Amino acid sequence: MSWTDERVELLKKMWGEGQSASQIAKELGGVTRNAVIGKVHRLGLSNRNSGTAKPAAEPKEKPAAAPKPAPAAAAAAPAKPKPQPKTEPARPVTPEPAASAEGRPATPARRQIIPAGQPLPPQPSANEISPEALAKVNEIEKKAKKLGLMELTERTCKWPVGDPATEDFWFCGLPVQQGKPYCEAHVGVAFQPMSARRDRKR
DNA sequence: CCCTGATTCGC
DNA sequence: GCGAATCAGG
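When you line the first sequence up against the numbering used here, it's residues 18 to 219, in that order.
Hints are computed from structural coordinates only; laboratory data are not their basis. Everything numeric in this text was worked out from a predicted model, so none of it was measured. Just so you know, not all the hints are guaranteed correct.
Stated by the list, open to error - In silico BS3-like pairs for lysine-lysine, Cα to Cα no more than 30 Å straight-line:
| hint | residue 1 | residue 2 |
| --- | --- | --- |
| 1 | K43 | K29 |
| 2 | K159 | K197 |
| 3 | K163 | K197 |
| 4 | K29 | K197 |
| 5 | K162 | K43 |
Claimed, not checked - Label-pair restraints from in silico Cβ distances:
| hint | residue 1 | residue 2 | range |
| --- | --- | --- | --- |
| 6 | M18 | T183 | 42 to 50 Å |
| 7 | N155 | D22 | 46 to 54 Å |
| 8 | F208 | V25 | 35 to 43 Å |
| 9 | T183 | E23 | 19 to 27 Å |
| 10 | K160 | A182 | 18 to 26 Å |
Don't be surprised by glycine CBs; every beta carbon is placed ideally from N, CA and C.
All chains, please: the whole structure from these sequences, using the hints.
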């Protein structure tokens, strides 16, 4: 595939949104993350920084290294009056579930944990979760990898456990089920068919 | 191990 | 210009 106008635009957009190169590559299709990164650099829009500049440029100096003329950042394109949101505060990583201090999260973090995550499951609200599923969860949570927010990836279960305001807070981190944001056990409680306790007479 | 971007260099 | 291979890190 080639870098058509549209593809480049999508690339710019996503990169600007803080998407990772691999995610962009996936979205575009037909290219690897390397291709994306290469293109990003060629386009000159590599700096996504704003706070911490990196002065340490050349840790390894090659003999006869070409000096960098410091290409002016992409900002001179009067030809295209495109309102581009260059700066985005969006660090879309901020779960603040009001999980009860008990062992069971009342509400899984349903803020976007990963920028280009899958569509989040319908809010089960104060759904009643089947006892079996709950038991299952309690089981696996013992084996949870207890990952920190930063350790989460597209293939780690993003189910939050504990109170975010406490040290005792972590994410499941077990391998996710294909295409889902959670591991099998947590998918079980997250995606309730909403018919948990059907014919319950009580 | 999973992942991230950065750089190099043959094409 | 392109991107795989490689590097350097988290």
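Structure-based check of each hint:
Annotation: proposed proximity of K43 to K29 holds, straight-line Cα distance about 14 Å (limit 30 Å). Taken as a hint, the K159 and K197 pair is honoured in the structure, with Cα atoms around 21 Å apart against an allowance of 30 Å. The suggested pairing of K163 with K197 holds, with an alpha-carbon distance near 18 Å, which does not exceed 30 Å. As the CA atoms of K29 and K197 are separated by approximately 27 Å, the hinted pair is consistent with the 30 Å bound.
For the hint linking K162 to K43, the alpha-carbon distance of about 27 Å falls within 30 Å, and the restraint holds. In this structure, M18 and T183 meet the distance hint of 42 to 50 Å, their C-beta atoms being roughly 48 Å apart. As the Cβ distance of N155 to D22 is approximately 53 Å, the hint placing it in 46 to 54 Å holds. Distance hint for F208 and V25: a CB-CB separation of about 37 Å, consistent with the stated range 35 to 43 Å.
A beta carbon spacing of about 47 Å between T183 and E23 contradicts the range 19 to 27 Å that was offered as a hint. Checked against the given bound of 18 to 26 Å, the beta carbons of K160 and A182, roughly 25 Å apart, stay inside it.
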